[in-house]
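Residue numbers 0 to 278, in numbering that gives the first Met the number 0, belong to the letters of the sequence shown in order.
Since the hints were made in silico from the structure, they are not lab data. C-beta atoms are modelled at their ideal positions from N, C-alpha and C, and glycine is treated no differently. Any given hint could turn out to be false.
Below are the BS3-like pairs computed for lysine-lysine, each with C-alpha atoms no more than 27 Å apart in a straight line [stated by the list, open to error]:
#: 1; residue 1: K208; residue 2: K135
#: 2; residue 1: K182; residue 2: K203
#: 3; residue 1: K135; residue 2: K182
#: 4; residue 1: K45; residue 2: K88
#: 5; residue 1: K203; residue 2: K179
#: 6; residue 1: K179; residue 2: K88
#: 7; residue 1: K135; residue 2: K110
#: 8; residue 1: K110; residue 2: K144
#: 9; residue 1: K88; residue 2: K115
#: 10; residue 1: K135; residue 2: K88
#: 11; residue 1: K179; residue 2: K204
#: 12; residue 1: K203; residue 2: K144
#: 13; residue 1: K135; residue 2: K179
#: 14; residue 1: K204; residue 2: K110
#: 15; residue 1: K110; residue 2: K88
#: 16; residue 1: K110; residue 2: K203
#: 17; residue 1: K115; residue 2: K45
#: 18; residue 1: K115; residue 2: K203
#: 19; residue 1: K182; residue 2: K115
#: 20; residue 1: K115; residue 2: K208
Computed spacing ranges between beta-carbons, pair by pair [said to hold, decoys possible]:
#: 21; residue 1: F155; residue 2: E111; range: 18 to 24 Å
#: 22; residue 1: Q220; residue 2: F193; range: 23 to 29 Å
#: 23; residue 1: G30; residue 2: S200; range: 26 to 32 Å
#: 24; residue 1: F276; residue 2: N143; range: 34 to 40 Å
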Amino acid sequence: MNSKSRILTIAYIIFSFFLVICLWNIRESYGGIPVLNYHQVNPVEKNPLTVPLDNFAAQIEYLDANGYTTISPEELHDFLVNGTQLPDKPVLITFDDGYADNYEYAYPILKEHNMKASIFLVSDYMERFDNYLNWKQVYEMSENKLYMGSHTLSHFELTPLTHDELVNQLVGGKLAVEWKSFKFCEFIAYPGGFYNQQVLSEVKKAGYKGGFTVYNDYVRQGDDPYTMNRIPIFGSQHFVMPRFWIRLHMAPVVGRIERFRSSLREAGYPLLAELIFIP
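Construct the complete structure from the given sequences, taking the supplied hints into account.
Structure follows, in structure tokens:
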């Protein structure tokens, strides 16, 4: 067997394995609440963190046409902690960082469909860089169904920080959002999704009621409100709506594939990892 045939055989085995995994785990796609994680939305930039404007519009239209109801972090928290009933087909839409295009492009589409969403702000970036929101825009959106949360003060990865630096990032980010929006900031999105027990402890002490990761899965009854899962929605030029549909409806399966691919890389099999397609 030549090298090309060997690679094709390995690829077929991997594909077959994950087909079985998908069929076995498809039942996990029911009963969970999707929390979608966006970053930028605009018609210009082409990078993984930027969803093209027409794609975002189509995704929001899909949610609206298929009976999804947008919820707030507070509603999701009440569901987890108090068992408060949620509407049928709930979905939480989130944006990280606080890019200016969230106001220019995403906000009008959300308003058109009468949808809620949440933006987690890097407070030090507001009004400092042209491609980030200003506080006037933050206040306007916070008055119109967009919850403003914290993405920390400076977007540092939290786990390596000293205790004092960690507290400064958590408390400073929270207070800045509250000062400028005139509303309580009670939820945080961890930069890069990274956290440890010290981070969780200080998040609670700072007065947050919950936190969001980027672990690709649904949120389910019984989950810890300080480590809520989210589904990353990336920019793509190919199979846009099918990939969105798969992530929305089969997040646990996609998450498993992502983690297996990462484990192959870490084990020293980068070529095998590249053979695995992740929707």
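Structure-based check of each hint:
no.	hint	in the structure
1	K208 / K135	holds (26 Å)
2	K182 / K203	holds (18 Å)
3	K135 / K182	holds (14 Å)
4	K45 / K88	violated (31 Å)
5	K203 / K179	holds (22 Å)
6	K179 / K88	violated (32 Å)
7	K135 / K110	holds (17 Å)
8	K110 / K144	holds (9 Å)
9	K88 / K115	holds (14 Å)
10	K135 / K88	violated (33 Å)
11	K179 / K204	holds (22 Å)
12	K203 / K144	holds (25 Å)
13	K135 / K179	holds (8 Å)
14	K204 / K110	violated (35 Å)
15	K110 / K88	holds (19 Å)
16	K110 / K203	violated (32 Å)
17	K115 / K45	holds (26 Å)
18	K115 / K203	holds (25 Å)
19	K182 / K115	holds (16 Å)
20	K115 / K208	holds (19 Å)
21	F155 / E111: 18 to 24 Å	violated (36 Å)
22	Q220 / F193: 23 to 29 Å	holds (25 Å)
23	G30 / S200: 26 to 32 Å	holds (30 Å)
24	F276 / N143: 34 to 40 Å	holds (39 Å)
In this structure, the hints that do not hold are numbers 4, 6, 10, 14, 16 and 21, in rising order.
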